[in-house]
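As a plain string of letters, each chain reads:
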Amino acid sequence: MIKIEDFKEFFKSLDQTIIGCLIIILSTGLVALYSADNNQLNEFNTQIIHIILGFFVLFIVSKTPPKIIFFYTPFMYILGIFFLLLVKFMGYEVNGSQRWIDIGLMKFQPSEIFKLVLPLMLAWFYQNKERTIAPKIHFISLIFLSIPFILILDQPDLGTALMLSFSGLVIIFMAGLSSKFILWGFIITILSSPLIWKNLEHYQQNRILSLIDPFKDALGAGYQTIQSLIALGSGGLIGKGWLNSSQTQLNFLPEATTDFIFAVYSEEFGFIGVIAILSIYIALLLRIFFMISKMQDTFSRLASVGLLISLFSGVLVNLGMISGLLPIVGAPLPFFSYGGTSMVVSLVSLGIIMSLYNHKSLIAN
Amino acid sequence: MQKNQLKFIFEKRLNALSLFILLMIFIVIIKFFYIQIIQHNYFEKKSNNNSVKVVPIPPARGIIFDRNKRILAENKITHNLEIDPSKKIDIEKIANELNPFVPITKNNLAQYQRIIKNNYFSSTVPIKTDLTEQELARFLTNKYLFNNIFLKTRLKRHYQHKELTSHVVGYINRINQRDIKLLTKNKRLSLYRGSDHIGKRGIEQRYENLIHGIPGFEKIEVDAKGNIIRTLEKKEPIHGQDIQLSIDIELQKKAVDAFGSRKGALVALSPHNGEILAYVSQPYFNPNLFVNGIDHKNWNILNNNKARPLLDRVTKGLYPPGSTIKPFIAIAGLENNLRVPPFQINDPGFFTMPNQSKTFRNWKRDGHGQVDMVKAIAVSSDTFFYGLGLELGLDKMNQTLKAYGFGHKTGVDILGEKKGLVANKEWKIKNKKERWYAGETVITAIGQGFTLVTPIQLANATAKIALPNNQNYISPHLLLNSNQLKQRNDKLYTPPPNKKNTMSYIKEGMEAVTDSGGTAAFLKGGSYKIAAKTGTAQVFGLAGGEYVEEDLPEHLKDHALFIAYAPAKKPELVVAVIVENGGSGGSAAGPIAKKVFDHYLLSNQ
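Line by line, the protein sequences are chains V and H.
Residue numbers for the first sequence, in numbering that gives the first Met the number 0: 0 to 364.
Residue numbers for the second sequence, in numbering that gives the first Met the number 0: 0 to 604.
Mixed in with the good hints, there may be bad ones.
[Claimed, not checked] Which residues of chain H face chain V? A partial, calculated answer using Cβ under 10 Å:
1) I36
2) H39
3) K45
4) N47
[Stated by the list, open to error] To give a feel for the contact side, a few chain V residues facing chain H, derived at Cβ under 7 Å:
5) G235
6) S245
7) F270
8) L315
These are calculated hints, taken from the structure and not from any lab test.
We put the CB at the ideal spot given by N, CA and C, even for glycine.
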């Protein structure tokens, strides 16, 4: 017989604030998904399985001692690189880019895995070199960052690659990179931007151009942005009501269940609904910042910051994309968009943060 | 130490990082606010445009009836094969594919190209109109082969009396650039959404705003692929009003038959109320040719024809009035106390102007002997009117002519009516750069000067003699429906008051025209009396030479004119006839008028 104390013991490792926020965001996401999927239950049911699976892994990870996570980090990194190479040679294409891999049991996107693995790997490296912080160390970190970056860019998946490198750069920054380097980095990036522009694929250039005036090529590059803006704008203050989004129900909005699910939500629940759900995301963000500020060792702090940035760059890029601030890059909204890899990865990153927070320090266990 | 320092940097930067992310979220919120609150109306409209399409439902044109409710213009259901020209299509290829099932001729293709050039309101353009039942059946069974060909059921205007009503009822044609401009100017363009046709001539043109109607619409919701999901709203069109004309199609037919192959015009109207019963302009054309856009071949035949079948002679044909002007000159004389019976002159067969050697001949060489006003009208004495005209002077003659409607539009409900010409001295200086000669006043009195009249003006003026009841005068018109009378623009003006006996002398004279000795004596007898005036208008300046009708080519022969009313004592019908190149007025035009009177007065009882 299971006692209540056993449950308490089991759930002790879970952070109540985070779980509370998650329940609200996930259930809202399911409500939006039901509508976005044209009231069919296919993706809705599958998404529930994703969530259950994600929570299962989250529980396990949150109870896993950081020492073990720390120990396995380099292996996971190497495995991740292996998967990326596998995608390059064996993966299959969706919408013109090769991001998926089928490992029999399930299909998944290895690039998403790096949202977990890269922060851990960089944190692991800085933890090991704790006593010899020098520019050289930062440079080596940059190489750890570059390998998956280049492989993902090659798929091509510019959005994920950029978000990944952003979280990596933030880790290097948080690890104490001197302000001088940061300044130079900025200058070099700006100076090399014409070169970067030239090396972009034509469709990527169009997407950036269509940001300036999406209506210029309304049926081409600007189409998705326009339809998304129409969904948002026509939703207004209070929205059109659940299942009443004409943009979605009449299939004007592309990728309604994945990248553009928040546009569906905004059309149906309006600005009030947007503020409500963003408040929960902010609460989640602040809670994690608080947790990080209590962490003691380099690995925990840097890994948590990296995971947090991975998560919230996803949120910001997705919201920026559907509101026309950023080009269409194909970034799901964490906890909201339909998709197994993204859901599990997002939930697991919270699980890791909980584990690191609960144990406070690598050695404490 | 280094470790603590790093921790310090980390904490400092963690705060900065949290602020940075919060700032980013804040920017996103601002952007959402801007889109969802500030730009809400704009995007709401966009959203509706996305999913809601408004499809106009064109109204059916009103039916046009004659005075006895016989149909003159109606709508027939036809089936067309149509194509959406906004889609990229190879018309030749489609024609070839269709050919085994529905033959597509060169004419069909030419018609398609013609329509597409002037297509403004239709989403689809016909490649084949008026499918036969076999063609319809063949197309329907093979419909699956033709994804981008639409079978449309449309209403096609049909004029069942064809040539008989070509000038009065007119026709509709497809809307062109000029129509668009006009409709835009009149703020009526929105009424034509979904319509292809507009009235171009005759009554169809004049009462377009009554006949056309108001389009309805259907608001439909479509998905991203354009499939119709459901109808959100439907407003039925208000069909065009039916129009009843004063025309009597039987009488019209009689008049046309009486003309035979001759050119000219005839107007028959009721002096009581100005209702036009027959409106004939010869030659004519088949108005049905125009309905879907006339093809080049037929257009060239009509347009290059020297007989000018497209000219509506009733309101736009300008003719010298010849002797038909004399009753009105006579009115001017009597009103000015000149030649009041029993005053007589001697008509030696010519008139010499005082102090000049210039001589004007009478049409009858040896003259008419002793002539008073009544006889002058009956025998059409030129000599009598030469002298009268000179004595009256141009201004007094013109005053009366204008009072009887010459020189300005009668206001008949047909667009483009000509004013004719009542020339004065200023007109001549302006247009001929020459002063007015007294001799021109003399010939004006017998209708051979610069004066030009239309057949409708002649009928209108004759009606004023037939029934000189100034108060009840109503100008000629075609529209009969009493609830639409406001649309008609009747001109209600009053001729100057006549001296007590003026009209009785004029009437006596016109009655004598059909008595023995009159210029239309052959019309005497019968069960009713016709009062008339004949006229002959010179087409060819004889320059003193001899006019021998048989020797002249057809197109240089004189125009024959004839104005009449009957029964003389109780006028019921006024008829004005012009037979172009008909020769002498009485013999050519009189019998035509007689047939119209016979039909109206004898068979209608």
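Just pull the numbers of the violated hints for me, sorted ascending.
No numbers; nothing is violated.
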